[in-house]
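2 protein chains.
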Amino acid sequence: MRRLMGWKVILMNVSFYYHRAFSSQMVSIQQVVLNSRPGKNGQPVAENFRLEESTLPEDLQEGQVKVHTRYLSVDPYMRCRMNEDTGVDYLGPWQVSRVADGGGVGVVEDSKHPMFQKCDVVTSLNWPWQTRAIVDGKVLMKLDPQLVDWHLSYFLGIVGMPGLTSLLGVREKGHVKPGANQTMVVSGAAGACGMLAGQIARLEGCSRVVGICGTDEKCQVLVHEMGFDAAVNYKKDNVAEKLLEYCPDGVDSYFDNVGGQISEVVISQMKKNSHVILCGQISMYNKDVPYPPPLPAQTEATLKERNITRERFVVINYSDKHAMGLVQLSQWLKEGKLKVRETMVKGLENIGAAFESLMKGGNIGKQLVVVSEG
Amino acid sequence: MRRLMGWKVILMNVSFYYHRAFSSQMVSIQQVVLNSRPGKNGQPVAENFRLEESTLPEDLQEGQVKVHTRYLSVDPYMRCRMNEDTGVDYLGPWQVSRVADGGGVGVVEDSKHPMFQKCDVVTSLNWPWQTRAIVDGKVLMKLDPQLVDWHLSYFLGIVGMPGLTSLLGVREKGHVKPGANQTMVVSGAAGACGMLAGQIARLEGCSRVVGICGTDEKCQVLVHEMGFDAAVNYKKDNVAEKLLEYCPDGVDSYFDNVGGQISEVVISQMKKNSHVILCGQISMYNKDVPYPPPLPAQTEATLKERNITRERFVVINYSDKHAMGLVQLSQWLKEGKLKVRETMVKGLENIGAAFESLMKGGNIGKQLVVVSEG
Chain L
576 MRRLMGWKVI LMNVSFYYHR AFSSQMVSIQ QVVLNSRPGK NGQPVAENFR LEESTLPEDL
636 QEGQVKVHTR YLSVDPYMRC RMNEDTGVDY LGPWQVSRVA DGGGVGVVED SKHPMFQKCD
696 VVTSLNWPWQ TRAIVDGKVL MKLDPQLVDW HLSYFLGIVG MPGLTSLLGV REKGHVKPGA
756 NQTMVVSGAA GACGMLAGQI ARLEGCSRVV GICGTDEKCQ VLVHEMGFDA AVNYKKDNVA
816 EKLLEYCPDG VDSYFDNVGG QISEVVISQM KKNSHVILCG QISMYNKDVP YPPPLPAQTE
876 ATLKERNITR ERFVVINYSD KHAMGLVQLS QWLKEGKLKV RETMVKGLEN IGAAFESLMK
936 GGNIGKQLVV VSEG
Chain P
576 MRRLMGWKVI LMNVSFYYHR AFSSQMVSIQ QVVLNSRPGK NGQPVAENFR LEESTLPEDL
636 QEGQVKVHTR YLSVDPYMRC RMNEDTGVDY LGPWQVSRVA DGGGVGVVED SKHPMFQKCD
696 VVTSLNWPWQ TRAIVDGKVL MKLDPQLVDW HLSYFLGIVG MPGLTSLLGV REKGHVKPGA
756 NQTMVVSGAA GACGMLAGQI ARLEGCSRVV GICGTDEKCQ VLVHEMGFDA AVNYKKDNVA
816 EKLLEYCPDG VDSYFDNVGG QISEVVISQM KKNSHVILCG QISMYNKDVP YPPPLPAQTE
876 ATLKERNITR ERFVVINYSD KHAMGLVQLS QWLKEGKLKV RETMVKGLEN IGAAFESLMK
936 GGNIGKQLVV VSEG
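Protein chains in written order, with the working numbering: chain L, 576 to 949; chain P, 576 to 949.
Derived from the structure by calculation, the hints contain no laboratory data. All values reported here derive from a predicted model rather than from experimental measurement. Warning: the hint list may mix true and false statements.
Where chains are identical, the list cannot tell them apart; a pair therefore holds if satisfied intra-copy or between any two copies.
Claimed, not checked - Keeping only pairs whose Cα atoms sit at most 27 Å apart, straight-line, the calculated BS3-like set for lysine-lysine is: (1) Lys909 <-> Lys752; (2) Lys615 <-> Lys717; (3) Lys846 <-> Lys810; (4) Lys879 <-> Lys914; (5) Lys748 <-> Lys909; (6) Lys713 <-> Lys687; (7) Lys935 <-> Lys846; (8) Lys909 <-> Lys810.
Chain L extracted, bound-state conformation:
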């Protein structure tokens, strides 16, 4: 009898493994890998990315979490990750034919990590570009959907890294004082950070906020929806002249997302003892220069003569202020004090196109990819 039972167990096991190996128990997923690094002109294109079919194992190891991706973020900094050497100390490069990753938000489907349970909303700065993924719970952060009234994409924008970048950039490097009649200029002003930075500068006490962006539609949004006092279309207007007109009392602080010629013009009009908030330099990311990119001698001289600060701002270095920042942003959002715009692209397969578009200024507000809807 004992022997018979032994056979029975073995047969059951064989059947079980057969079932596992040859049935559809593996979970089919899609993923996006880096197909190639950008070519000689440095411009990234959708074809630098490639969609692949893959599978996930059905079973989790201890500490692992299976997540269903809802939204993925594409951000200008990712251009640096497309290079073999990112040039940025805290960023590792993406590898060709390996899954890319970045900011993401999703929902837990299964967990063998004690801190995460099914249906938890979670985020990571290194979310794999996959429809579903099995990740180490250590890389995940649990999110409270009430902070965004269940508008989960906001965790990648206003109540996420762009929001914190704008808030802490203004607070840590902007030297904004309420009642001091200050003017802030924002470049890349219709992007995720710029749009919020201008609004936050106003909330923090700037009396005048002027944006620089690349289309008339963006100018309209900034002035009529986001409360900017004025906006300059750098592709059409003479930026120097327009800034003189819109900033009659001079420029006290400059939230810089773009670098290059636009920044040279703005800096040339900044006051003595004023401040550049060095957030990003998107105009330079396709060029083979270190970060932050070097300035022309004339601009360097202006900074020195006028005692203008221009300190690199990296939001992850201010993690001590992230809790306070997220709560503040959530509160302003709920009070209607911060307006939001998002540019959504549907489908993981379109993430390369979304990134290409972002790098060409095709977005108004936060550029996102909707991978699955709730």
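Given the coordinates of chain L, work out where chain P should sit on it, guided by the hints.
Same frame as chain L, but now just chain P:
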């Protein structure tokens, strides 16, 4: 000449390595290891821990951070870590002759992790019991000292895990409704969590808060400093009678830190559809029982008959609410709405004694060890 220069370089290197290997470049530290697990009666004693001299290497690896320990926390849950099997799914055991660890706060002295810089204030749930330590930056969290007006020990109490436990325990499991004339009873009420839980219950809308603790001095502190309506000394008073007297409208919620007989008495007086916030069970930790420990049949029957909820509350499962919680606690602290008491012991060498004392109820408020002063 080339050869000579070569020799010079070699000699310099020899001198350099000689200096490194034989001079006092290694950093001397003290550390506390688990000396032995508790004996048969289960009571932990100071001698279960042992102070040792050790050294740290001078140089950091990439990603590492060197920290100078300021405060270490001792907490009742650590009793479970003294067992070979903790009985708690998210807690690993301490190993004999290995450095113990727990909540800690300190200051960065050196960093090869991009997110941490010298003088940053940092914390970890797994801070090694050492005067100084080299740790992976991944286990550290940067803290904003302004949240506690530079009173850094508060990061281990009111604006730390005990504060979050009290706040989220009350909010998630307490079902407190302002204006509903509710009464909350708190056991272990003079401990780090109990003291805050009672105050928070009041802030959240309870109209009556009654504490249970083990000395008259603790009762005095609860009633005269912390705003409790009444306090019961369970070592002297008849708890059942006193609760009947102090809770004339019955008990709506019970923040339980102790378990055992006290909890049986409280539960016997709870209303229909009321709620136990199962935070801790210190009275049972020296016994060989799983967590949460089983209840007597009579108490189980009471819970069932009266539809009393008694759900396990584990603060790390609510990490999505930690940001909001820390900001709320900091705000109440600054507004003077939450009062704080700490019991400080000086010197890493006394951490075993501090833990022994904590487990015997020797503390009022948060029990801490001061390892170094700022």
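Evaluated hints:
1. For the identical chains of this complex, Lys909 and Lys752 are neighbours both inside a copy (24 Å) and across copies (23 Å), given an alpha-carbon limit of 27 Å.
2. In this assembly of identical chains, Lys615 and Lys717 lie within 27 Å of each other by CA distance neither inside one copy nor across copies; the values are 41 Å within and 41 Å between.
3. In this homomeric assembly, Lys846 and Lys810 come within 27 Å of each other (Cα to Cα) only inside a single copy, at 25 Å, whereas the closest approach across copies is 71 Å.
4. Taking the shortest alpha-carbon separations for Lys879 and Lys914, neither the intra-copy value of 36 Å nor the inter-copy value of 49 Å comes in at or below 27 Å.
5. In this assembly of identical chains, the alpha carbons of Lys748 and Lys909 lie at most 27 Å apart whether taken from the same copy (26 Å) or from different copies (25 Å).
6. Within a single copy, Lys713 and Lys687 get their C-alpha atoms as close as 12 Å, and across copies as close as 20 Å, so both meet the 27 Å cut-off.
7. For a Cα distance limit of 27 Å, the shortest separation of Lys935 from Lys846 qualifies neither inside one copy, at 31 Å, nor across copies, at 64 Å.
8. In this assembly of identical chains, Lys909 and Lys810 lie within 27 Å of each other by CA distance neither inside one copy nor across copies; the values are 35 Å within and 49 Å between.
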